[in-house]
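Chains as they are written, first to last, in the numbering used here: chain A, 1 to 112; chain B, 1 to 356; chain C, 1 to 343.
Hints are computed from structural coordinates only; laboratory data are not their basis.
Under the rule of at most 20 Å between Cα atoms (straight-line distance), these lysine-lysine pairs were calculated in the PhoX-like manner:
hint: 1; chain 1: C; residue 1: Lys-6; chain 2: C; residue 2: Lys-98
hint: 2; chain 1: A; residue 1: Lys-67; chain 2: C; residue 2: Lys-256
hint: 3; chain 1: B; residue 1: Lys-244; chain 2: C; residue 2: Lys-245
hint: 4; chain 1: B; residue 1: Lys-130; chain 2: B; residue 2: Lys-89
hint: 5; chain 1: B; residue 1: Lys-185; chain 2: C; residue 2: Lys-245
hint: 6; chain 1: B; residue 1: Lys-185; chain 2: C; residue 2: Lys-167
hint: 7; chain 1: C; residue 1: Lys-258; chain 2: B; residue 2: Lys-244
hint: 8; chain 1: C; residue 1: Lys-258; chain 2: C; residue 2: Lys-151
hint: 9; chain 1: B; residue 1: Lys-161; chain 2: B; residue 2: Lys-43
hint: 10; chain 1: A; residue 1: Lys-68; chain 2: C; residue 2: Lys-253
Simulated restraints on C-beta separations:
hint: 11; chain 1: A; residue 1: Asn-77; chain 2: C; residue 2: Asp-213; range: 31 to 37 Å
hint: 12; chain 1: C; residue 1: Ser-232; chain 2: B; residue 2: Ile-72; range: 30 to 36 Å
hint: 13; chain 1: B; residue 1: Glu-119; chain 2: C; residue 2: Asp-213; range: 54 to 60 Å
This structure is a prediction, so every number in the text was calculated from the model and none was measured. Note that the Cβ used here is the ideal one computed from N, Cα and C, for glycine as well.
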Amino acid sequence: MDFGFTLSPSSAIELDTLDSALYRKLCRIEPGARTCIGCGSCSATCTAAEYSGMSVRKLLLGLQRGKKAEVERMLSNCMLCGKCTMVCPRGINTRRVILTVCRLYDNVEGTL
Amino acid sequence: MIYQGKQKIWSDYQKDIPDNHWFYVRSCIRQSFFPASEAYFVKIVRDLLGKDLYETPHHTTCGGIAYHSDTIPQETAMTIVARQFALMKEAGYKNLVTSCITSFGNYCEILETWREFPELEARIREHLWKACRREFDKPEYVCHASDVVFKLRNEIAERAKFRLIDKETGEPLRIVEHIGCHYSKMFPHKGVGGAEYPCVLSGMAESWGGKVIDYPERRHCCGFGFRQYMVKANRGYSVSNTHKKFESMEPYHPDMIITNCPGCPYFLDRWQYVISEQTGKTYGKDGYGIPVLTYEELAGLVLGVDPWDLGLQIHQVGPEPLLDKMGVPYDPSKKYLGLDEKELRKPGLPNVLKCC
Amino acid sequence: MLLSMKETILVVGGGIAGMETAVQLKALGLTPVIVEKNSSLGGHVAQWNRLFPDMTPASKVLDPYNDALKEVDIYTDTEIASINSLQKEYAAVLSNGKTLRCKAVVFATGFKLFEAEKKEEYGYGIYDRVITNRDLERWFDTRSDERVPAKPAAIGFVHCVGSRDVKAGNSQCSKVCCITAIKQAIEMKELFPDTEIYCFYMDLRLFGKKYEDFYINAQRDYGIHFIRGRVSEVAETIDGRVQVKAEDTLSGKPVKVKLDLLVLMSGIVCDRANNELARSVSLPLDEDGFFRSLDNIAGVTCTDRKGLFLAGTCTGPKTVPETLAEARSAALNVYQYLKAKKK
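Same shape as in the complex, but just chain A:
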């Protein structure tokens, strides 16, 4: 029977059940990724940000919160210019993070 409305899914992120396998794999290869403080220096300098919404900060956060589809969409926009790596105050090798995540999505493990 069509009531004219349906149940809406909850937008809450359930930390106990989210799938953080990709994030954990990334952290094993690049432990520095864990030290991200979400300052946004990377996103602020990103060359591609204005036109594509690419943001390394959002990428890391998305991985931590199990948002694999969003992360995959963003990855293709990175131009590997390396400006984010230059400015990261925590010294995270963001270029390596991006390339590692790409490889993990393609199921290719190994270091760069």
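Starting from the known structure of chain A, arrange chains B and C on it as the hints suggest.
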């Protein structure tokens, strides 16, 4: 659960509830949803316990629904409320008792606003005078009908014919209590027990023998926000709220839900049908739902009133499993007979939810 | 009974501020007297297990005082009934009936920990698995608190409980809770390596020496999760755990998690029991309820009243090294004040 911690909080949120001489204002919609609730509140308080409960045929809505759905401005709602106060003054009463919880929230909000902005109160006095030549006094106490039943719960317990226990095992019934959002979430000090751990319904249930369950989504709204559900396309939000509550309370296998708001039992009752049609899931035992009762219906049941006189046949979720468990006698053949045993039509039955 | 008229200095409070002040005053040749309202000295530090940033055991800070204070008069279980300023000195009446004539008074009355049950939505004192930072430190010492489960799968820390919260009556930051939360999170992760630990913060205030390194370690080496956002409510689940709802401001979504233990970082608030005492000697209080210093930069341990000095957290939240530094400074202030008076 550390009970003493709760008791300490309850002692911080004591409310002065007068024990007699009330001016009763009714709800817009409760008489349609739960026909016998208000009638039995009056019967219990006036006839059974001999208190003075007065209501005037001239009183109106408090304007709460219209105010909360943004169809009238706040000043109009305040003038409507001022007229109610004027009627109360005319009848010589100082204690206001409301049937609806949104009303209660409305009256509290208006009185607080007038306290902070006396110039607004003066303007409303002017408006009322211009509109219908009436003058009003602010009530000394504003309480909700569930506060009154809470205050009189022991007297009801003394006259109780049934207790809230399983008649086979003697175990207390597992009761979920759901408090309307407008009761204490806005003004915690105006609710018995405060906003986080209100005890108005749990006090009633426990004094009548039941056991109250605390489950993770206890404080969650049922979704009866006027703006949310009035437009059909938005009702998905409403039903999702109730669905969240049911998913959370299911592992506790409650025997019934009691509420003190007009909208909450309506939603908690009716949405069980919608959820069963949309997801195929029911929350009671063997395909039944969880019966939802208002506190007046519960008081009536406990005092031995016939369930069909209490209007339980109007409920979507059949109360029969609960009545059987409590040992309350009822005649299934009389369920859909009206006054003087007149044949009313039987409702159609849902596909998934078992109703009788 | 009058005590001798040597240069007696009254030290109100026997926590580390009071004890350090007394040790320094004694070294300067004066006669300090400590009056402590509890049964033992050590104040709040005595209830703590290990101190940041080097995980120093609290006993290492406190034990040397046992010897150092051997010849100092100490009254425990004693309160100050009243202090009267006479022409050349102060007369303090103690609750044990003694009257103390002293040339100067150092207030080292300390702070009070915010009563976490006031934040009702967190369920402290109602739900079995909710404790405060102090409860956890006591557990580190005693290992006996039935609220701490044997094998927690997930633990949460809530920063800013009672701090930076106008509704709770304290708008100030308590300074030390953020580093304490990270310290305790690391300690719990060392005890339970498989546990997931979540810290719910508003801002991370890690201003001190090695504090940021603590944070980096907590993230990189211990895998502690930091979620920026307030906890809105805590409820009990059917298996006795707590369900915590919070806001994840960085992703803009609400977050829900089931935890075996929730630790509330109760903040440092002023002890209003001291207000009477302050009033009796016309010591001004700041708007935040703490004692007001003469000058917040160069005169933190001085007041505008002759012969009255302050040391430690009675003026506001501070760390242990800051408290000790102030105690020594207050002792020197007293010495110089007495020297100037003699001239």
